[in-house]
Amino acid sequence: MRVVLGLCALLAAAPLFCVLYFLVREGASALDWNFFTQLPKPAGEPGGGMAPAIVGTLTLLALATVVGVPVGVMGGVYLAEYGHPRANGWIRFAADVLNGVPSIVWGMVVYTLLVVPLKSFSAYAGGVALGLIMIPLVMRTTDEVLALVPQSYREAALALGIPRWKIITVIVMKTALRGIVTGVLVALARVAGETAPLLFTALGNNFWNQSLAEPIAALPLQIFTYAISPYDDWHRQAWAGALVLMLMILVLNLAVRLFARTKTVR
Amino acid sequence: MTGPFSLARFSPLRKSAHWPDRSFRWMALLAVAAIIGLIGLVGWQLYSGSRLAVEKFGFSFLTSTKWDPVSDEFGALPFIFGTLVSSLIALIIAVPLGIATALFLTEMAPQKMRQPAIMVIEMLAAVPSVIFGLWGIFVLIPWLRDHLFQWLRDTLGFLPFFQGPIYGVSMLAGGIIVAIMILPIVTAISREILRSVPKLQREAAYALGATHWEVIRIAVLGYAQRGLFGAAVLGLGRALGETMAVTMVIGNRPEIKASLFAPGYTLASVIANEFTEATSDVYLNSLFELGLVLFALTILVNAAAQLMLRRLAGSGPGKVAG
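Going down the list, the sequences are from chains B and D.
For the first sequence, the residue numbers in our numbering are 838 to 1103.
For the second sequence, the residue numbers in our numbering are 32 to 353.
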């Protein structure tokens, strides 16, 4: 029985190793200096790179942070510091259900909210879509780490007559800062690879992005476009793009581990 | 539950709160309201975006198998079928495998192996859907086409599911890739459920003379049954909404075929493929209605899963997060 279960565990882990093996094997050969510095070449022409897509992904992540983190963190603060226990149960439930909404649905919603009124696909729309996906994730982790801050900290500060908003921001949130940052990084790692919500918000772009109100390139989008194209050269670049994207996500996850290790939080 | 600041709740400080205090509280409340409001907003946007299609096709939208943009005829059945079948295949593969892995990790694996193994499964969850799709197109599909599918047709070909031509891109390939993608969450939740089985259960079974396997089967699995069911339902919720990887391997053809080797199409895939190409209003509205169906399905399934897991967690809501 032990052997059977062990084999199941091995089988479960096998896809990861297989994916990583091919990412390195196929991706590394197509990865060169041009990949990081050049614009994509038109279809059929060899060479070119994904520079705008790399910058675009970072831009989108920055925008997503601006949208997702304040709302998520404040929501978590409400749950941990103000909320009523019974109402909190429902709010957490709502956040968990929201967390299960398929990411493509967020793309459609942001399309009607931003793309249609502004009459253009844009970096803003892509960033908002990713930010909305981050909100429930950030809120739940913030909520959890704030609950770990000892009650006596708050009581001590209260006894000194410090206003409550200051207690929360300066004492409670500062104590839990590592945990909050960890939560944000986890959420970023999750949305960094999202493609579906970007299909009709950020749309993609083969040139440098001039303004945030224009369509913007993103690594996952470019990987998707290149993967389903009929050109071998693009396939090679799709692997290289996937390798870079995976490395970005691994770095984020590594940062999470480093942040989470020290201190008790998380 | 660590209560929210219970001391301050009744302290005189609250009544005499100054404006910074009050505005901070309002900001926090606003954020929570935004989160609750988001669900309503999504539902409303999808509904208002699909109104034309709802008016034109009514209920027949859900039962019609015709998807013909040229003549503005739209029906959702092939996509609902594709979504349900690919998710079902994913569950059939991922749930036993996930539970077995969780059992191995909690009951059998040597202590030293556990943490690294858990990390590996967590990393599997970090791989983006589009990368699985890429891998699916260039590695998984050729292998399935040349080996697994041939073998299935040779050995199980008497079943209608394993007959017909093999293209590689297929419903089965879609299901397999979704299975890989939901495996981490099924494993993680199952592991949490199994860990919460009280020691006493096991000891009692041992005391009755049960072997290790019998203890696992009767005391652990029997006790954890409902929780594991919840984990499976949560996996289903994820499977229904999977988009990119499925789009890249399922073949994208709106047909209903008994053979799992035949290409299929899912709700999420058709939206991903055709949304920016929708030429007429009815077309776009139909895609929105597909989105609405997908949203309703995932909300229902996820809510059910959360309720199931929450009831088990007992010690207050939110112990088992998704």
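These are calculated hints, taken from the structure and not from any lab test.
The beta-carbon is built from N, C-alpha and C at its ideal position, and this holds for glycine as well.
Honestly, I wouldn't trust all of these hints.
Pulled a few chain D residues facing chain B out of the computed Cβ check, cut under 7 Å [claimed, not checked]:
no.: 1; residue: 254
no.: 2; residue: 307
no.: 3; residue: 328
Have a look at the derived ranges for each label pair, beta carbon to beta carbon [unchecked claim]:
no.: 4; chain 1: B; residue 1: 1014; chain 2: D; residue 2: 93; range: 31 to 37 Å
no.: 5; chain 1: D; residue 1: 141; chain 2: B; residue 2: 1011; range: 38 to 44 Å
no.: 6; chain 1: B; residue 1: 869; chain 2: D; residue 2: 169; range: 29 to 35 Å
no.: 7; chain 1: D; residue 1: 153; chain 2: B; residue 2: 841; range: 55 to 61 Å
no.: 8; chain 1: D; residue 1: 227; chain 2: B; residue 2: 841; range: 30 to 36 Å
no.: 9; chain 1: B; residue 1: 869; chain 2: D; residue 2: 143; range: 48 to 54 Å
no.: 10; chain 1: D; residue 1: 93; chain 2: B; residue 2: 869; range: 24 to 30 Å
Status of each hint after checking the structure:
The criterion of a C-beta within 7 Å of any C-beta in chain B is not met by residue 254 of chain D, whose closest approach is roughly 18 Å, and the hint is violated. About 5 Å separates the beta-carbon of residue 307 of chain D from the nearest beta-carbon of chain B, less than 7 Å, and the hint is met. Because the closest C-beta pair between residue 328 of chain D and chain B is about 9 Å apart, greater than 7 Å, the hint is violated. Taken as a hint, the range 31 to 37 Å is violated for the pair residue 1014 of chain B and residue 93 of chain D, whose Cβ atoms sit roughly 49 Å apart.
A C-beta distance of roughly 41 Å is found between residue 141 of chain D and residue 1011 of chain B, which places it inside the suggested range of 38 to 44 Å. Take residue 869 of chain B and residue 169 of chain D: their Cβ atoms lie about 20 Å apart, and the range 29 to 35 Å is violated. Between residue 153 of chain D and residue 841 of chain B the CB atoms are about 23 Å apart, so this pair departs from the stated range of 55 to 61 Å. A beta carbon spacing of about 24 Å between residue 227 of chain D and residue 841 of chain B contradicts the range 30 to 36 Å that was offered as a hint.
Our hint of 48 to 54 Å for residue 869 of chain B and residue 143 of chain D is violated, since their Cβ atoms are close to 40 Å apart. The given range of 24 to 30 Å is broken by residue 93 of chain D and residue 869 of chain B, whose C-beta atoms sit roughly 51 Å from each other.
In terms of the numbered hints stated before, the structure departs from hints 1, 3, 4, 6, 7, 8, 9 and 10, listed from lowest to highest.
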